[in-house]
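Those protein sequences? They're chains A and B, same order as listed. First residue of the first sequence? That's 1 in this note's numbering, and the numbers climb one at a time after it. First residue of the second sequence? That's 1 in this note's numbering, and the numbers climb one at a time after it.
Hints listed in this document are in silico derivations from the structure and should not be mistaken for laboratory results. Take the hints with a grain of salt, since some may be wrong.
Said to hold, decoys possible - Pulled a few chain A residues facing chain B out of the computed Cβ check, cut under 8 Å:
1) Pro-38
2) Arg-146
3) Gln-182
Stated by the list, open to error - Between beta-carbon pairs, the in silico distance windows are:
4) B/Glu-153 / A/Ala-56: 51 to 59 Å
5) A/Ala-79 / B/Pro-81: 41 to 49 Å
6) B/Pro-233 / A/Gln-100: 36 to 44 Å
7) A/Asp-317 / B/Lys-67: 45 to 53 Å
8) B/Pro-180 / A/Gly-288: 39 to 47 Å
9) A/Pro-333 / B/Glu-71: 48 to 56 Å
Built from N, CA and C at the ideal position, the CB exists for glycine as well.
There are 2 protein chains.
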Amino acid sequence: MSALSVEPTDAPLTFEELQLATRNRGMPLEALRYDLTPTGLHYLLVHFDIPALDSATWRLRIGGAVKRPLELSLEDLQARPRRTIPVTMECAGNGRARLQPRPISQPWLLEASGTAEWTGTPLAPILEEAGLDEGALELVFTGADRGVQGEIEQDYQRSLTIAEASRPEVLLAYEMNGAPLQPQHGSPLRLLVPGWYGMTSVKWLTSIEAVTEPFDGYQQATAYHYQAAPDDPGEPVTRIRVRALVVPPGIPDFLTRRRLVDRGPVTLTGRAWSGDGEITKVEVGVDGDWTPGTLGPSVGEFAWRSWSFEWTAEPGDHVLACRATDSSGATQPVEQPWNEQGMGNNLVQQVDVSVR
Amino acid sequence: MSALSVEPTDAPLTFEELQLATRNRGMPLEALRYDLTPTGLHYLLVHFDIPALDSATWRLRIGGAVKRPLELSLEDLQARPRRTIPVTMECAGNGRARLQPRPISQPWLLEASGTAEWTGTPLAPILEEAGLDEGALELVFTGADRGVQGEIEQDYQRSLTIAEASRPEVLLAYEMNGAPLQPQHGSPLRLLVPGWYGMTSVKWLTSIEAVTEPFDGYQQATAYHYQAAPDDPGEPVTRIRVRALVVPPGIPDFLTRRRLVDRGPVTLTGRAWSGDGEITKVEVGVDGDWTPGTLGPSVGEFAWRSWSFEWTAEPGDHVLACRATDSSGATQPVEQPWNEQGMGNNLVQQVDVSVR
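Chain A extracted, bound-state conformation:
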């Protein structure tokens, strides 16, 4: 079954897609210049409504197949060991609206990513304290945002295997870039699963339930799958696929966003990241000729790496592109990796420029 209520289309954008685009927020690509994305520039995808939670009365319940159910306040969590990790996050639907035919959902082009420093407490010791039953297979994370999707009324819920949830970098996060979470990023507490697409890092977390059967909720079993066709069950979407982006050089035209660049030496800069390993190469394509760029430092083990490329801009129209490769050997496709839900589309970015 497809997770989409409308079939993919080559037709123009729908009103429903526009409604989603004016609610959800991309990161303008010039913001790739910041090691850490300012909080107000980070991408944002909210499935339903941003809930209003009172952090004073809010509690996190940990239960299900555990020996010692817990109920924790924000203060309880803040009193536990504190860890801060810079993490590049990306929406699994990033790139969806570049596909042909186009799956109908939030119509992301390239802007659904960002990097922030997240602070919280590791989940694994809390699980240990709760004492998972032997038969516990997965943890179900429930957020406070509620709505209807795929004709199913639901709280937003996702699961992780015990092994994935117990990785040391998995946090219960209450701060972003040194400040308490803003409402839209999950206040007072969200799950943070570095390396995975954003749907995994459940916002407005209210409960963690250990279950002994695979979780079959809508967001886990239906949505977020790489389906080749509507009747293909597909593989689940998990870690972030490798991607590089370039800061569009020069100045833009307001409406077309086409770039106007002065002739001569231009330093192209950008970022690259992957949930499957380190970035080992970024190549830059100028009118189809690919040359390796220079890698800069990573912002962190789970965060993007800067890169640069010295380009001599010759007058005329050009197409710039960039392509990253990671330590697993994965690289970005130059032809679209189409799937039914428009997930993980890491097709190389192209930027049209006019050099004068």
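Keeping the supplied structure of chain A fixed, place chain B upon it in accordance with the hints.
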């Protein structure tokens, strides 16, 4: 001459509009619940690119028809008298994509507003210090964002008459919601003109120039006009037209955003604001029957006012609407006030709900 490079259309959304929608950011309407919009939820419209300015080396130059040109650092400005004002800001293009035919530009529906506490120093005493020449007519405010619009390469520039610029609430603002401006909101300094549409509050301000002739730059003389047709010069867009918005009740469907509401008593809440006076009335329409709501407090003289309405939701489909009136007597139209550039469209909001 129209400010648009493409004619208004009844055709579906274009790729160019989508590109703008994924860069610019609306405020999801549930965020109307906050007196002050969290910084990361405030609407954002950037004409060109967000510039990268170094606040340590940045200077504001005040010159032109003045006796004593000034060059001020951020520290100089911060050492001057400090004032904090809550201000509701709105993009003049808010509502544009609801028009038929639809002017092609940033395709706002209803989300291009927000309220923040802005801190800065009043402009008037600085003008006095610089000593305006007798012939000075307007001030031209230049931002550091540069690009092409209407086929004209330009820094973003707007002007104000001396009288408007000298009003006590006009600030040179360096903080938003108690923190230094984030890059996207004009860091290190922006103009803030309470009561006017957002294009007036020039971000990334680098210079203020007193001029003796009316400024005829693109953003002043061509864009931001209420044009009835392409050959109508039109009236300039100035103050924010009266508007009320309601927080959509119940829970949403992900794709359609249609609301599902439980039967029984529902407290509808929202905000209303106007740049032309106080809000004196908010009416709520249920299936076309209008009843006055209850006004709550204003967040400030230049900020939105809360309102509420007790609705008894009966099973079935309903259309909710709201309409504000201000102390100037202005109210919101129930039929679209079309104009060529899609400016100041304060047509009443409608929310489709299904009550169960």
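What hints, given by number in increasing order, does this structure fail?
No numbers; nothing is violated.
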